[in-house]
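The residues making up each chain are set out below.
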Amino acid sequence: MSENGATPDRVSAGSTGGTGPAKRIQGAENRRGPGGGPPWMGAAMPAEKSMNFWPSARRLLRTMRPERIKLYVVLVLALGSVTMSVLGPIFLGKATDAIFAGVMGKLFPAGLSLSAAVDQVRGRGDSTYAEVLAHSGAVPGHGIDFGHLGVVLLCAIGVYFGGSLLSWVQGYLLNGIVQNAIRRLRTDVEEKIHRLPLPYFDRQQRGELLSRVTNDIDNIQQTLSQTMSQLLVALLTVVGVLVMMFTLSWVLALIALVAVPVSMLVTKFVAKRSQSKFIQQWRNTGQLNGQIEEAFTGLELVKVFGRQKEIQASFDTKNQELYEASFGAQFVSGTIMPLMMFIGNLNYVAVAVVGGLRVASGAMSLGDVQAFIQYSRQFTQPLTQVASMANVLQSGVASAERVFDLLDAEEQLPDPVSPARPVQMRGRVEFENVSFRYVPDQPLIEDLSLVAEPGHTIAIVGHTGAGKTTLVNLVMRFYEIDAGRITLDGVDIRDMARADLRGEIGMVLQDTWLFGGTIRDNIGYGRPSGGAPGSEGVAAGGATEEEILAAAKAAYVDGFVQALPNGYDTVIDEESSNFSAGQKQLMTIARAFLAQPSLLILDEATSSVDTRTEVQVQHAMAALRSNRTSFVIAHRLSTIRDADLILVMDAGRIVEQGTHTELLAAHGAYFELYNSQFSAAIEEDVVA
Amino acid sequence: MLVRVLRTFLGPYKVWLTIVVALQLLATLSALYLPTLNADIIDKGVSKGDTGYILATGGWMLLISLLQILCAICAAYFSAKAAMSAGRDIRRALFNRVGTFSARELARFGAPSLITRNTNDVQQVQMLVVLSCTLMVAAPITVVGGIIMAVHQEARLSWLVAVSLPVLTLVIGLVVWRMVPQFRAMQAKLDGINRVLREQITGVRVVRAFVREPVEEARFDVANRSLADTSLRAGRWAALLFPVVMLVVNATLVALLWLSGHYIDSGTMQVGEITAFMSYLMQILMSVLMASFMVVMIPRAAVCAERIIEVLDTHTSVEPPLTPITELPTHAQVEFRGVSYAYPGAAASVLSEISLTARAGTVTGIIGSTGSGKTTLISLIPRLFDATEGAVLVDGINVRELEPELLWGRIGLVPQKAYLFSGTIASNLRYGNPEATDEDLWAALDVAQATEFVVTLPDGLQAPIAQGGTNVSGGQRQRLAIARALVRKPEIYLFDDSFSALDMGTDARLRAALKPATRDATVIVVAQRVSTIRDADQIIVLDRGDTRADGGVAGGGGAIVGVGTHDELRLTCPAYAEIVTSQLSAEEAA
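From first to last, the protein sequence lines are chains A and B. Here numbering that gives the first Met the number 0 is used: the first sequence runs in plain steps of one and ends on residue 687. Here numbering that gives the first Met the number 0 is used: the second sequence runs in plain steps of one and ends on residue 589.
These aren't lab readings, by the way, just hints derived from the structure by calculation. Remember, predicted model here, so these are calculated numbers, not experimental data. Keep in mind that a hint or two might mislead.
Pairs of lysine-lysine, PhoX-like flavour, derived with a Cα cap of 25 Å [what the hints assert, rightly or not]:
#, chain 1, residue 1, chain 2, residue 2
1, A, K267, B, K80
2, B, K188, A, K191
3, B, K188, B, K43
Could you build the full structure based on these sequences and the hints that come with them?
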């Protein structure tokens, strides 16, 4: 579309008409937020997004895929421990039987055979007792066989010990699996951040994004640790007990089985309601986190502008919303346990009634019904557990969806498969008919062409907002151009890998950015592709102490750092409030010095540095610029007078270009700009 | 700490908690009654095939069960209400407390940690309350009831309870005790994750420009692994809890059978009592097991409570006066009397012995080398910090004695870093004066030389602004920040190097427009460029103690090395003359 000059215009004209009303609607939505809240909320988060529970839950499970072998082991262990826990009561029952047999045996004289004793009892007309006695295994005349009892109880202890051991190993492994999956999830998010296009960050509130990594992932972790193990054991128990029930009586088993669909219905009913509340809860948490982050970041302004009450009011509103959502979520999910218990009791009564009828009609023995009733208790208990776990999962999946949303956000264009590199890096930058706009219907740079010859210093001047920084953003490929192309030594920068392109460019930005670390680490940050980072001084990369020191000296950082008690080991605090803006700028300059790039971009690099220091830094920078193509943006024209080429920008276009002398002689825009800046100075006679 | 947090923040919801306790009591008693009915159904109904009895008792059982779930659901309602209300109140208390913090306290905790504390830590405490509301009533009642019944049944066997209960308590206590340090580390490491990510997002351009993604990934990986390792360790202890408790419970049952065997054999106990005693024992131990679910949550919540209390117990180093002065004469004059400032713990002071007076209707320029304390000096006026020595006075009153709102109401600050809040241009401009009309906004934009670009935006005043103002250029941001201060119409203007991102033409026009707009105000301007302050009524030249001597190495703080007008200082103040000379090269060439 770059070939045809008319096309972009037509396209943009059409799209303006098309997006106009939509934009207005969106704008109306934006203003709905309390206290003129962040305008992007509507755009970034479609209203009332419903949850795709199963796909998201499956995706969450897939995060554990790399450890699926361990997961199978866990499954087997769980199976083992469930079996053990079912076996345990059987041994205990045997022990009771042994005691019972002893008691029975004592009632009859020694030497009497058991069948004789049974007959004796039956003779008394007590047939039930006789039946019991017949199956008790009692030896008349013998009391409790403690040897036998001891063996049975030892077996019970063994089984219980084994069960606990298996359950522990299973919990231990599962914990590892979950923690690893969570760690990978956090890594995925972090890596995603490096692949997101820059405009994404212009739209998204920082604290909201952070909440997804801290609060949401933490919630996922807690959900998984809580549910995985219990869910597994509960499901296996349900199956095991069901098998036992069917072996006893399929009629009763079918009645008990009715509890399953009923429970599912109830769970579904509750989960559906808690789901939307959980979604709200975690969304509100994110938004509140965003508000908090922003308020704490701009705390001084909040205070000095007397905004505390308003900030508090909007915090209270969001806080109240979070309260309502989390209260709703908590209450709704709190009803599931009582409801399931009720179903259990219902089931119990039904089994008792039908069982009673069957005993009466002689279809089942009393003992079997009794056993069955015990099993039906054992059956509904894990069912309740499964139901409540399903509900806890709603919360986890609601969080997971927020994380997946971020992971699925549109990324910047991937690097070409076989990235090109200039054959010889000379530093020739060319813009060919480049057009770019941040906002579709707001033209910024239109059909711009320019050439920066190798080793030249290109100064960009113009009024604020003329597009100077944008030009730099485009060279760095922070944003994708809409039309035309930008080449580095003849290679379209879009054909290069971003890392290769940016690795050639050193940049000092208007906004200083230092991270919470030592001064040494912060300067060392500029050394490209250092060795494998260790845990200590991880950011220092490959720079040696001498190189850091040399860069620090060149950027006049050394002076004030030496004066600090800890020198280069001084830690820049998280808010970097312990250094002045000028000092921070000098440190970022040192960083660029260390990078030794082929191309240099200086965007208002020294705006907060006092002019005496600046003169000295300029000196060092001039040395750095020699033999390097450099783009310099500066308001102090003194810093750019020696530039090989000065580009005068206005409203996204280059209105003039040439050297300082040429441009002054041309009496054009530059001349005007220059005069407007210096006439005052000249009139006021600064010159002594 | 946890107790303190709970007492403070659950206090107002005592009534709800009482209701929860009453309801849970009822629910628990119903739950305890149900097994008796169970037994009746079997003994009197099923065994005799008496369907009528089964139906009658079954109906009664369902009725009790209905009562139980009604109580449980109501209890869930009130406990959720109490827990979430407490959570909401803790968040509000934290937010408001941090709102009073000065930069010093903010730096001490670090914003990322304060943010985690305000959301995640509160969440943990909240969840503990919910869980304990469900269990704190049922568990003790069941245990006590079970013990009474068990002792009543067979006093000789009750020593089994006397042994296994303490063993269980010991086991649970041990695990909890081992978990606490893990969770303490865990919350701190969550802060670490928050910090690294926040830095990455803020510095996304630099990270990309320097192709530092691999380094950042490694840096994050360190924080991430460290968090995962801690969670892993905490999780391992938690994984141990359940099996061990189960083992103790089951071992107790086995011991019960062995002992009962002996008692029965000696004829001092009935067989039927085994089953009864067993069910009571199970009841007791299951409650303990249930309680252990709650107990695993305690360590983390306790650590979170500590962290919450730590913030709530921190008082700002810039304390508001006890009996504030609430009125000021209208002419706002600013005076520094022998003011020094040093960072806590720092040997060298940032400012030393500063004395100056800035009168209403005058402009005071402040110029000086990088790191000479210009920003600090300005920050002392709105009490972003307090002077370590000397006094800052507004209208002759020490700022420490003024009501902070009154003081701030007088001040329009344009900070060095032109930070804008997410919202629109209008919402940012109205930041200091919500009542301002659109005309007021446009007037301020006119003075700030910003009208020109605001009108070109499709949404004009309603154009969206991203957090920090990252979607407008540096110069535009600065002009909006200036306009924001102008809309406030304050009596004291503090411009902290606020023209640095402006080209000189805009700078000159802006200053020209500012003059009438701020005619009656006290204006203090920090600048790097002489041209910005050359018209000032007085210029204060700050310099670090020994900067001039050796070209940069400074030990002492910034001190005033010259006061006067531009013309006076050029002749009398060598430091000022040097600054002027350093800026001449350009002008000379013109």
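Status of the hints after comparison with the structure:
1. A/K267 x B/K80: holds, 23 Å
2. B/K188 x A/K191: Holds, at about 21 Å.
3. B/K188 x B/K43: violated, 61 Å
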